[in-house]
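Assemble chains B and C onto chain A, guided by the hints.
Protein chains in written order, with the UniProt record's numbering: chain A, 1 to 246; chain B, 1 to 414; chain C, 1 to 658.
Hints should not be assumed to be uniformly reliable.
No farther apart than 27 Å at their CA atoms in a straight line, the calculated lysine-lysine pairs in the DSSO-like style are these [what the hints assert, rightly or not]:
| # | chain 1 | residue 1 | chain 2 | residue 2 |
| --- | --- | --- | --- | --- |
| 1 | A | K120 | B | K244 |
| 2 | A | K107 | B | K244 |
| 3 | A | K109 | A | K72 |
| 4 | B | K244 | A | K109 |
| 5 | A | K53 | A | K120 |
| 6 | A | K107 | A | K18 |
| 7 | A | K109 | A | K120 |
| 8 | A | K53 | A | K89 |
| 9 | A | K72 | A | K18 |
| 10 | A | K215 | A | K196 |
| 11 | B | K244 | A | K89 |
| 12 | A | K53 | B | K244 |
| 13 | A | K120 | A | K72 |
| 14 | A | K53 | A | K109 |
| 15 | A | K107 | A | K72 |
Anything over 10 Å on all C-beta distances counts as not near chain C; from chain B, calculated [to be verified]:
| # | residue |
| --- | --- |
| 16 | T36 |
| 17 | H265 |
| 18 | V367 |
Computed from the model, here is a short list of chain B residues facing chain A with C-beta under 7 Å [stated by the list, open to error]:
| # | residue |
| --- | --- |
| 19 | F16 |
| 20 | N206 |
| 21 | L210 |
| 22 | S242 |
| 23 | K244 |
| 24 | V248 |
| 25 | G251 |
| 26 | R258 |
| 27 | F261 |
| 28 | L262 |
| 29 | G263 |
| 30 | Y264 |
| 31 | S268 |
| 32 | F272 |
Rather than coming from a laboratory, the hints here were simulated on the basis of the structure. Keep in mind it's a predicted model, so treat the numbers as computed, not measured. Cβ atoms here follow ideal geometry from the backbone N, Cα and C, with glycine treated the same way.
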Amino acid sequence: MSTLLEMSGVSVSFDGFKAINNLSFQIGEPELRAIIGPNGAGKTTFMDIITGKTRPDEGRVIYGERSYSLLKMSESDIARAGVGRKFQKPTVFEAQSVRENLAMALKNKRSPFDVLLYRKNSEGAARIESIAEEIGLTAELARPAGELSHGQKQWLEIGMLLAQAPRLLLVDEPAAGMTPAEREHTTDLLRRAAEKHAVVVVEHDMEFVRRLNCKVTVLHEGSVLAEGSLDHVTSDSQVIDVYLGR
Amino acid sequence: MTRKTFLTENRSIFWFLLALAVFTLVVTVLSTGAGTGAISTSFVKTLGRTLCLMLVAVAMDVVWGYTGILSLGHMAFFGLGGYMIGMWLMYARTEIIVAESLAAAAIPPTPQEIHDAVGTQIFGVVGASEFPAIWFFASSFWAQMALVVLVPGILALVFGWLAFRSRVTGVYLSILTQAMTLALSLYLFQNDSGLRGNNGLSGLQNLPGLDAVPQSLVSIWFFWGSAAALAAGYLLFAWVVSGKMGSVIRGIRDNESRVRFLGYHVESYKLFVFTLTGIVAGIAGALYYPQAGIINPNEIAPIASIYLAVWVAIGGRGRLYGAAIGAGVVSLLSSWFTSGGAPDIPLGFYTIQWTDWWLVLLGVSFVAVTLLAPKGIGGLFDLMGRTHPVMPARVGGYGPDKGARRKSEGEEEK
Amino acid sequence: MPRVLPIVFALVLCACAALPGTGRAQQDDAASDLQSILQTHAEEVADPGRRTVGAVIDDLVASGLPSAATFLERWADREVYLNTEDGRFYYAEDEGETYALTNIATGEPAGSAPEDAVEEIRPNGGVRRVIGSALVQFQLSDPDPAVRSDALDALARRPNAEQLAPLRNSIEGEQDPAIRARKERLAAILSARFADSTEDRIEAISSLASGLSLEARASLSQILETQQRVAESLPEDANIATELEPGSDALPAAEAYARLVDEGLAPAAQSREEIKAALTANLADGRVGGVPVGQLGTEAGRARAYAALAEAGTVPPLVTDESRAEALASHVFYLEYDEPDPAITDAARTALDEVETRVFLNQMADLGLDALSLASIYFLAAIGLAITFGVMGVINMAHGEFIMMGAYTGYVVQQIIPDYTMSLIVALPLAFAVTFGAGVALERLVIRWLYHRPLETLLATFGISIMLQQLAKNIFGTQARPLTSPGWLDGAWVVNDVIAISNIRIAIFVLALIFLALILFVLNRTRLGLEVRAVTQNPGMAGSMGINPDRINMLTFGLGSGIAGIAGVAIGLYAQVTSEMGANYIVQSFMTVVVGGVGNVWGTLAGATLIGVLQKGIEWFNPSNTLAAQTYMILFVIFFIQFRPKGIVALKGRAAGD
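Isolated chain A (complex conformation) (with noise of 0.2 Å):
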């Protein structure tokens, strides 16, 4: 396992407002890490920074073999060097379909001669259906994707988030809706996922992270309180302190 991305010493605050508070933070390739921690811990302005839509005060963030900063690059830079990010509140395209809404995320080339002159193949629909079967939308690609109950539109955002085939995925609260059968799916889903890449799952359900089995690192007040197995960190007494309130 080799460092994928690596955050040192990072700080950013709206306003004098600290959200971030000298964090730091790495995780390796392949791996599979929760994020908990109470509202307003920085968990949210964390994947903000990473994906370059927040640029912090100070810090750095190096990402990948050759250690680039992601700090210098913009958003869809950082999304094309294999960043990829599922949002807590489904975005989906609505005015779309299911089908293009995956074929939009789908690993291509991203540039606006390539995409014009972008042609249909059969390798692409192979992969679209294949992502389509394991989300269980094949019977809805057609519909627009405005048309999908709110658990698929969750669904068509994670499908959407393997179809880029990115190297680090980042997942803001993927359970939150679903039915339990829905989050043994997930679960499988991610552990796998877990097992050639990066997967940091942000997540308040704490059932849900402890199906996970992985390490997990908790927030509080934008820095690291505690890190480790999930029974570690909740028996620390800080954490305790945090969670239950003082």
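Leaving out everything else, chains B and C in the frame of chain A:
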């Protein structure tokens, strides 16, 4: 269930091109220049101009209806195209006239003499006689033709690069494009802009060297040219908005940052669409102004671009034929009302004269369309039984969810 | 002639108010005195020459008689006649056969004389100038301050050397401090140019350096007036201002050569037309100088033909570029001062530089005031827009038309209430009420249905905008309507010759300040403001806390529109009211909001100030071209957005819209 494949797109392309071909044929048969003479030459010109406006409306639809950029600058590109063709038309024609008059002298004129005399002729109205640097290529037809494409293209490229790079979106971008248009028209209004200030370029209906050809025939040539350009432009844009490109740009319209996180460089796509449509607008303008005969900076004023948006909105965004129909219907209606063609309505205590009240009617109907029929005229085609899955009703606002879009409008995160 | 006696008496009383009671005898004395002075110099008076007339005038001036001034005036105007019968001087009027005579001392009729007995006295121009300057002294010492003031005005308009002495003499007896100061200033200006000794002049020039007035500047530049000259080499004794390089901006090569030709130092260059005319004139048998006409369509062919003609001596030889360059190189071009004394020109240059530096600083201050008043107009025009945009995220393209509605409200009120002050007092709140109502109506009828669709709001309000514009045109016509400001707003606050600002602009500035304070108060200190801020920051949360966002939106929109109406009245006061006036402000208003930063009163203030200062600054660099100023302005804003996309006062963090 209708699948959105290239075939369904194709059907509307087919019908549109067929309608255009029939229309062209009918007008040709009835025209003064090539047919029975039931349609006057000036009306043929009006129809030809309308086709050009339809072309620029189709381009506007791609940039606004599909990509979500409400550009209030495309009529500026349109006008620039007109200026570029106008420079050649004016130069070449003045050169012929000047050469003729100088040939009457005892000694044949030198090329320099002719050039100077042309300069005096063209710039006399603004009290100058020297050719400004921007007229360097005016004597060459092909170079000036290239400029028809290059000048609007490069302006769109540079402006778009600046605007998109700084992540200006939504209404901010609209205002910025409007500012660009205003700056350009104010610049052209100056006498020392090199394009004859508010006199503009005139006499463009006369083709150099073709004085013998009657205007009735010239008008039908331009009509054909405009129809061909509209057909070609329609095909081009139908191709662009179909398939994966269409998928990405509609994605940008609906949720720009999501597209970015999928790894697409959104700015490049916007720039591509903005520049391509700018170029097509320039070409449309280059066909329009020889039929109008005159171009001046008023044509570039921001109001023109806003009307363009109005046409597209009334016609129906997000479908190319909607934009074309909107531009055709509204601009023809507009010229009918403002030219006094529409009968006055006596109310007893007051007589509504449409030359005065047309703009009021347009304003009201525009508000009504925006409020009551966001799909515009194009929406009628849906009523005729053909569902249009590209625009499900609930996405009318282009925002993902209530409230989410509004706050981020214009203040796109760094 | 007894019946004229009372009149004479009255006249005497009037003329010699200083000597009441003793009137008659004195007057007779004086009268005989004036005539006798004239008789003493009868020859010079009857046939005045420039040199000889001095003695007469000196005596007249020395006599201190009031009638002397009248006499001098009428003398210069050729109204004095010599009656050859009695050898006395009269004012006379042509009555055909005879002349009606008037006594020059008393102004009473003195009978008549036949045509051939009177002789008109015709002083020439030189004499009249001398008389004129003598008159100046009378006027400068006139008891009526208005006359003295007029005399000074006339003097300042046409300063000349003769007036210096009378002006200096009159300073001593001057009682009015303002006029005295003016006289001293003028005396300094005149001495700077006309004093006899170099020292006096230099002293006067240095004293001018501390002023700002146009007169002083004009006088200094007059001293520094130069003539362009050309010579083989620089003359030793001339007072040379600067040497000019041919081909530089100050002296283009063509102009320099033309100068040489004028001076006869070089042969005239042939223009293309002249060459052509020469060739045409020598056209024979289809050839010119042996070159066939067919070949004359090129520059080379024409050159050959002309060379052949020059060879034959038919035309002067061609002046080539080389020979022109050579001629220019062998001469020097320079500017020579009209004033021969370098000490004086140097002093004047130093003084003028000093004055100009001060004038520049004052101009900057004036420009600053101008910019401030422009900024307050933009602030008034934009603040309503900023409020609606900031709070509701709504771009109201009809905002400019609300400004127009406010201005027309003011106009209509003025038609009904003729008193301008009263009508203004009524118009301001009424304009607010009208546009507030219009704003609320627009919000209820249109905008409410389009929340979350900002681009469509933009277009729908644009539809409203063209409708309102056309309606205004239909109702009020296309011509501009005046909105007259009350008398106390006319005029300007003048600080000195350079700095002045009109009262209307000051009033608008004050109005802007009042609105700034009012809006800050409403937003920060009232319940409404609290609710508005709550809705701005989180509409959902505000709604769940019992605030009705619909009501807040409606009131906010009404408030923004109402302020536009007031801005309309203010703008209408100094600009014309037309149906298109709103459109002229809408883009600037948007710029102000965008540059300043959205959703912040201070941002709008900063934006308005920046735009105002910038626009005035650009206009200052290029005053003749306001179109270019606007173009550069807009370009600047486009570039500004590159560096500060969120405006000057940017909200940061999550509130800025994640």
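Can you name, in rising order, the numbers of the hints this structure does not satisfy? 5, 6, 13, 18, 19, 20, 21, 22
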